[in-house]
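Enquirer: Listed here are the chains, written in short residue letters.
Protein chains: 4
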Amino acid sequence: MTVASQMLETYPADLGGIDRQKLAACIEACFECAQSCTACADACLSEEMVDQLRTCIRTNLDCADVCDTTGRVLSRHTGYDANLTRAVLEACAAACKACGDECAGHAEMHEHCRICAEACRRCQSACRELIDSLG
Amino acid sequence: MTVASQMLETYPADLGGIDRQKLAACIEACFECAQSCTACADACLSEEMVDQLRTCIRTNLDCADVCDTTGRVLSRHTGYDANLTRAVLEACAAACKACGDECAGHAEMHEHCRICAEACRRCQSACRELIDSLG
Amino acid sequence: MTVASQMLETYPADLGGIDRQKLAACIEACFECAQSCTACADACLSEEMVDQLRTCIRTNLDCADVCDTTGRVLSRHTGYDANLTRAVLEACAAACKACGDECAGHAEMHEHCRICAEACRRCQSACRELIDSLG
Amino acid sequence: MTVASQMLETYPADLGGIDRQKLAACIEACFECAQSCTACADACLSEEMVDQLRTCIRTNLDCADVCDTTGRVLSRHTGYDANLTRAVLEACAAACKACGDECAGHAEMHEHCRICAEACRRCQSACRELIDSLG
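Protein chains in written order, with the working numbering: chain A, 1 to 135; chain B, 1 to 135; chain C, 1 to 135; chain D, 1 to 135.
Hints were generated in silico from the structure; no laboratory data involved.
There could be a bad hint or two in this list.
As the list claims (entries may be wrong) - Restricting the straight-line Cα-Cα distance to at most 30 Å, the calculated cross-link-like pairs of lysine-lysine (DSBU-like) are: (1) 22/A <-> 22/B; (2) 97/A <-> 22/A; (3) 97/D <-> 22/D; (4) 22/D <-> 97/C; (5) 97/D <-> 97/C; (6) 97/B <-> 97/A; (7) 22/C <-> 22/D.
A quick note: this is a predicted structure, and the numbers were derived from the prediction, not measured.
With the sequences and hints as input, model every part of the structure.
Expert: Okay, here's the thing in structure tokens:
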């Protein structure tokens with residue numbers, strides 16, 4: 001069991017009816033994607049053709065920040081606010097969609113973009129599934 | 001002129017038709033609110049009646065993270081994505097609304113909550129004005 | 001292979017003689033600890049005896065922020081600066097030591113503190129090993 | 001009075017003998033520098049000669065993250081830990097030194113680097129003064 005799942009198991013109060021497995025999966029996907037996008041921005045920065053990767057770097061930086069914040073918000077359960085959770089998840093799905101599309105466009109040239117695009121897709125799906133489960 | 005405004009003035013490319021003054025005001029409000037919410041969460045944590053401030057602390061922590069990320073996203077202009085900007089601003093306005101309401105409820109008892117509620121209101125307004133100006 | 005390791009494998013330039021396995025382990029430990037500390041602060045906040053967990057919450061919040069930043073700095077390799085890497089790793093080891101000690105003191109009462117203390121220990125060790133390998 | 005100063009004034013417990021004015025100045029310098037470095041990384045990314053600004057972008061990103069975390073740690077006073085504060089301030093001074101030097105090297109070519117170098121110098125000095133005052 002991951003640490004994120006263990007932390008959910010040991011939360012001392014009610015999780016407010018949220019789907020625990022989808023929540024754990026989304027938290028993990030957010031942190032994975034935050035790391036991947038931070039690394040991909042830096043890998044792009046070291047590419048010879050960096051001038052063609054400007055938008056990719058920018059989108060990676062945004063996506064890293066949004067995923068980071070989303071992973072933090074989802075790691076808190078005290079005084080749960082469905083409205084805010086939903087708005088943050090929508091922003092995260094949008095950031096992952098934008099970054100996944102951008103990285104996918106460079107995936108054939110750059111392996112780091114291919115790996116990062118997949119991390120973005122996983123995170124986008126995890127956000128979408130969690131949004132749907134909020135009812 | 002603030003540093004945030006100076007950085008906008010010296011950005012070497014086009015800002016993409018965004019309202020420069022509203023953008024600068026929103027960036028500054030985001031960083032101010034991120035600091036204020038971080039400090040208010042900690043001040044609440046030191047109050048004797050901390051057990052009645054649990055939701056306030058949690059909302060402060062979320063708002064700090066969302067404002068921080070929003071301030072960063074708004075500080076970038078390369079490869080501007082209106083969709084993502086809007087989604088992030090909506091999440092920020094929601095976080096500031098939730099935190100402003102929560103802090104306002106404790107404003108008569110705790111000066112730090114009163115000051116923080118005002119920072120949240122300013123940031124919420126700045127986000128809303130910027131969203132409206134995006135057209 | 002984790003995404004962090006895959007991103008290291010596909011970095012297009014030289015990693016500057018850093019130990020790749022220790023680097024990957026440290027990046028992963030930082031993100032795991034950032035999540036764990038964020039969740040532990042929130043779990044403490046929901047405990048009935050929250051007034052006895054003030055220092056634990058504060059230390060968790062600091063440790064989450066420092067681990068987050070350290071994980072980001074370590075995910076970048078372009079223009080590597082050994083001095084800065086070392087200073088950031090020292091701060092991270094100090095934060096993990098403080099938080100691991102604090103959480104360990106509540107581990108018998110609170111399972112989330114026990115799990116979080118272990119994440120802090122792992123991250124502290126990973127930072128220390130990476131510092132030693134920098135030569 | 002800035003919001004950061006107001007939050008310090010209304011903190012409900014003892015600040016632990018720390019110099020309040022130096023603390024407020026350092027918190028403000030950290031948030032200002034975090035914003036400035038985020039914006040400078042993005043401005044560099046839009047420069048025609050981006051391939052000569054790789055190290056500058058990377059150092060800006062690191063400095064933004066370290067300043068952000070330092071500003072947050074300094075905004076908390078509950079359960080104050082001088083050791084951790086000092087380690088974080090040392091990392092921040094190192095990041096600001098590295099980024100200030102790097103940006104200064106491009107200051108004649110790029111106004112955003114000149115402005116950002118000044119923000120880094122101010123933050124480095126503020127960290128150094130606060131470290132010295134910790135005794």
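Enquirer: All hints, please: hold or fail.
Expert: Now the hints, each set against the structure:
This hinted pair does not check out: residue 22/A and residue 22/B have alpha carbons roughly 38 Å apart, beyond 30 Å. For the hint linking residue 97/A to residue 22/A, the alpha-carbon distance of about 19 Å falls within 30 Å, and the restraint holds. At roughly 19 Å between alpha-carbon atoms, residue 97/D and residue 22/D fall within 30 Å of each other, so this suggested pair holds. With a C-alpha separation of about 27 Å, the suggested pairing of residue 22/D with residue 97/C holds against the 30 Å cut-off.
For a cut-off of 30 Å, the pair hint linking residue 97/D to residue 97/C stands: about 26 Å separates their Cα positions. Using a Cα cut-off of 30 Å, the hinted pair residue 97/B and residue 97/A holds, with the two alpha carbons roughly 26 Å apart. Under the criterion of a C-alpha separation no larger than 30 Å, the hint pairing residue 22/C with residue 22/D is inconsistent with the structure, at around 38 Å.
The structure is inconsistent with the numbered hints 1, 7, although it conforms to all the rest.
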